[in-house]
Amino acid sequence: MNSLSPELALSRISPELRPLLCSIVRNGRVGLDSSSCLRITDLKSGCTSLMPGPCCDRFKLHIPYAGETLKWDIIFNARDPELPPDFIFGEDADFLPEPSELPNLVSWDSGKPECLLLLVKEMLQQYHQYQCQRLRDSSRLLFEYDSLLEDPNYGRNMEIYAGRKNSWTGEFSARFLLKLPVDFSNIPIYLLKDTALDPGEDVALLSVSFEDAEATQVFPKLYLSPSIEHALGGSSALHIPAFPSGGCLIDYVPQVCQLLTNKVQYVIQGYHKRREYIAAFLSHFGMGVVEYDAVGFTKLTLLLMWKDFCFLVHVDLPLYFPRDQPTLTFQSIYHFTSSGQLYSQVQKSYPYSPRWDGNEMAKRAKTYFKSFIPQFQEGAFANGKL
Amino acid sequence: MAASISGYTFSSVCYHSANSNSDHEGFLLGEVRQEETLNISDSHIGSSEFLSVIEVHNHEPCAQLFSFYDYAGNINEENLDRILKDRRKNVIGWYRFRRNTQQQMSFREQVIHKQLTNILGIPDLVFLLFSFISTANSSTHALEYVLFRPNRNRYNQRISLSIPNLGNTSQQEYKVSSVPNTSKNYASVIKEHGTEFFDKDGVMKDIRAIFQVYSALQERVQAVCGEVDQSERVREKIQEEVNKLKEEIALRKRNSAEEERRIQEAAAETHPDSSTLPESSHSSLTGVVLSGPSAEPSLERPVNSSSPPIYSTALPPDSPSAILLPRPQAVGSPGHPSPSLGLGNGDGSSSDSLNRQATGQEDHEEDDDDDEDEDSSEYENLVSEQLQPTSLPDAVALGRPATLWPDGDAHSPPGS
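Respectively, the protein sequence lines represent chains A and B.
According to the working numbering, the stretch in the first sequence is residues 1 to 386, in order.
According to the working numbering, the stretch in the second sequence is residues 1 to 416, in order.
Source of the hints: derived by calculation from the structure; they are not laboratory data.
Each hint should be verified, as a subset may be incorrect.
[Said to hold, decoys possible] Which residues of chain A face chain B? A few of them, derived with a C-beta cut under 7 Å, are: (1) CYS37; (2) THR41; (3) LEU43; (4) LYS44; (5) SER49; (6) ASP86; (7) ILE88; (8) LEU96; (9) PRO99; (10) ASN104; (11) TRP108; (12) GLY111; (13) LYS112; (14) CYS115.
A virtual CB, placed ideally from N, CA and C, is assigned to each residue, including glycine.
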């Protein structure tokens with residue numbers, strides 16, 4: 001079933017119901033995983049086939065929840081658009097929310113465009129409670145849930161999906177989706193704006209799947225919103241430790257949280273350190289600076305002269321600077337290699353220590369340049385051609 | 001549990017539903033009955049099965065949605081009563097029609113169903129769901145219907161709904177359903193014109209008339225039985241007399257034969273050479289014959305139906321047909337008038353015609369001392385056996401019975 005593009009869905013739905021659907025389709029973000037929004041498929045009509053024009057009034061709504069997608073049928077009546085809709089909860093035939101706890105249903109106002117979205121959110125809350133009830137089938141998982149609930153960091157941002165008992169093996173499975181309370185606000189903007197997608201809210205979600213009721217098979221997975229993933233250095237950032245056997249979520253989740261926080265700190269620190277480094281070089285080499293990356297502070301190019309020999313030095317600062325050493329690339333401005341490039345030499349190991357501050361690094365770099373340049377010059381003369 | 005809905009109710013529901021431009025709902029009226037089936041077989045002692053049968057007789061459509069419940073699904077009893085009026089006790093379920101949706105109870109339907117169960121006090125309230133699926137180009141429409149029993153557990157919820165006589169009635173029997181006719185018009189017309197067909201007890205008049213005819217016939221048959229009984233007794237008595245007389249005749253003949261023999265013996269003693277060989281052989285034969293009275297019938301048996309020719313020496317010969325005894329005629333044979341409804345002439349004598357015929361034939365027969373022979377037309381064997389001893393004087397001739405017949409043909413019974 002292909003999902004309809006929002007515009008297509010809106011064009012086919014009955015005009016009186018269009019505002020309601022609009023808010024679903026345009027602003028519809030429910031739940032923790034707000035990167036994937038609500039989708040609409042199977043738009044059908046409840047009117048006779050003789051009814052002209054757009055008159056669809058019933059559809060299937062795909063709702064991401066705890067790593068699953070719920071498919072709920074929503075049924076309106078185009079002829080009576082002021083009436084509230086009816087729902088079929090797909091495979092969750094046992095789920096029956098209490099109408100009195102759905103204020104947007106009891107006082108349904110079809111004039112309010114966000115009414116449907118609010119109603120869906122309320123139903124999702126009820127659904128969440130229903131799933132938590134199902135956890136009672138396993139005392140172990142119930143314990144996990146309760147312990148997490150007590151912690152205010154995690155308790156309020158949790159989605160549980162208690163899977164259907166496998167009728168053959170009697171297995172019970174559950175999935176916890178937790179939003180990790182990691183602060184991404186200090187990540188430098190430059191790291192985040194590179195993503196092509198609409199970043200939305202920066203969020204890290206930890207999904208832990210329990211394949212059996214005794215928690216012997218546990219599979220954790222970390223989901224980062226694309227910008228964060230990029231900012232932290234790609235998919236390698238998603239390596240988290242395995243779930244310890246016999247461990248429990250209340251210990252594991254903070255661990256993962258800490259790990260992530262550390263990484264973020266690293267990145268933030270790296271940024272500042274690089275900035276410091278560049279600033280120091282600027283002050284040391286002054287006029288020798290050709291250009292530098294003023295946003296991310298990842299590159300620096302210097303033009304230096306030693307005994308009438310001019311050369312360029314490109315400094316590449318890695319993401320995890322100062323832990324990782326900057327790469328120095330010496331380039332002659334006179335000599336070419338056989339491939340037409342300027343003759344250059346890359347130096348990755350030179351006296352360096354991450355504990356030096358920017359000034360110290362600049363000074364040492366200068367010293368190193370002086371010691372290395374004669375060597376380079378010889379090499380340039382020997383291997384390159386003018 | 002089984003369910004059935006009459007064809008006209010089903011089509012009426014479909015009509016209302018298909019003509020509505022939105023979802024449609026209403027109530028199902030009918031009755032639930034319990035059927036008990038007792039199975040007796042050789043393998044086990046009878047087991048009884050209980051089956052609940054739901055019959056839908058009628059339906060009450062709701063004019064619009066939300067007519068008896070509010071947005072939260074709470075039922076308003078006043079509105080409910082207004083829709084159902086006085087038929088509330090006939091409600092057995094409710095139905096809903098939705099186009100292009102799944103065959104599953106929806107959220108609101110479940111909420112309403114629970115409340116209806118409580119308010120109407122019907123533990124096994126059923127829910128009939130119609131869903132109407134159309135293809136994209138509206139060329140094919142399918143009406144699907146499922147009957148749910150939501151108050152049972154989850155895995156036992158669907159009941160099959162049968163529509164009697166929806167099928168090929170030339171091969172199946174046309175089933176008459178037990179749906180009562182609730183039409184008031186029908187009831188008033190029947191009441192008005194019913195007296196022509198029904199008597200005061202509600203039984204059809206024709207039935208009474210036929211019953212009377214039947215009773216009359218029974219009485220007559222009983223009377224006839226009595227008469228037959230009597231006539232049989234009379235006949236038996238007469239038969240006894242006949243037998244006695246026959247014995248006397250036989251005795252007389254035996255005596256006369258003995259006398260003759262004595263006379264002959266006496267004559268033979270005086271003239272021994274005049275006796276012919278056959279005669280001596282005759283005498284030896286007779287001697288043989290006489291010594292074994294039991295042999296007499298064996299000798300004479302081939303003569304059975306043709307014994308009268310033995311009298312040919314003493315009696316005037318008659319036509320062969322007269323000699324032969326009449327065969328009993330079956331009822332309905334051409335020799336008899338075909339039996340009408342009034343068997344007999346009303347006097348109970350059914351054998352009249354038989355007797356008449358027999359007498360007719362006996363007219364041809366020679367008159368004997370035993371004029372009672374006529375009555376024993378069926379008892380050919382007996383007659384012939386009685387007549388055997390008289391043929392003794394002609395025993396020599398009887399040695400080769402086939403040659404004795406006047407026409408030379410074998411003893412074939414006279415064809416009728």
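Hints, one by one, checked against the model:
1. CYS37: 23 Å, violated
2. THR41: 13 Å, violated
3. LEU43: 10 Å, violated
4. LYS44: 4 Å, holds
5. SER49: Constraint on A/SER49 satisfied, holds at 4 Å.
6. ASP86: 5 Å, holds
7. ILE88: 5 Å, holds
8. LEU96: 6 Å, holds
9. PRO99: The hint holds - A/PRO99 has a Cβ within 7 Å of chain B, the shortest such distance being about 4 Å.
10. ASN104: Violated, because the Cβ-Cβ distance from A/ASN104 to chain B comes to roughly 10 Å (cut-off 7 Å).
11. TRP108: The hint holds - A/TRP108 has a Cβ within 7 Å of chain B, the shortest such distance being about 5 Å.
12. GLY111: Violated, because the Cβ-Cβ distance from A/GLY111 to chain B comes to roughly 14 Å (cut-off 7 Å).
13. LYS112: Not OK, violated: A/LYS112 not within 7 Å of chain B, min 14 Å.
14. CYS115: Given a least distance of 11 Å, the restraint on A/CYS115 is violated.
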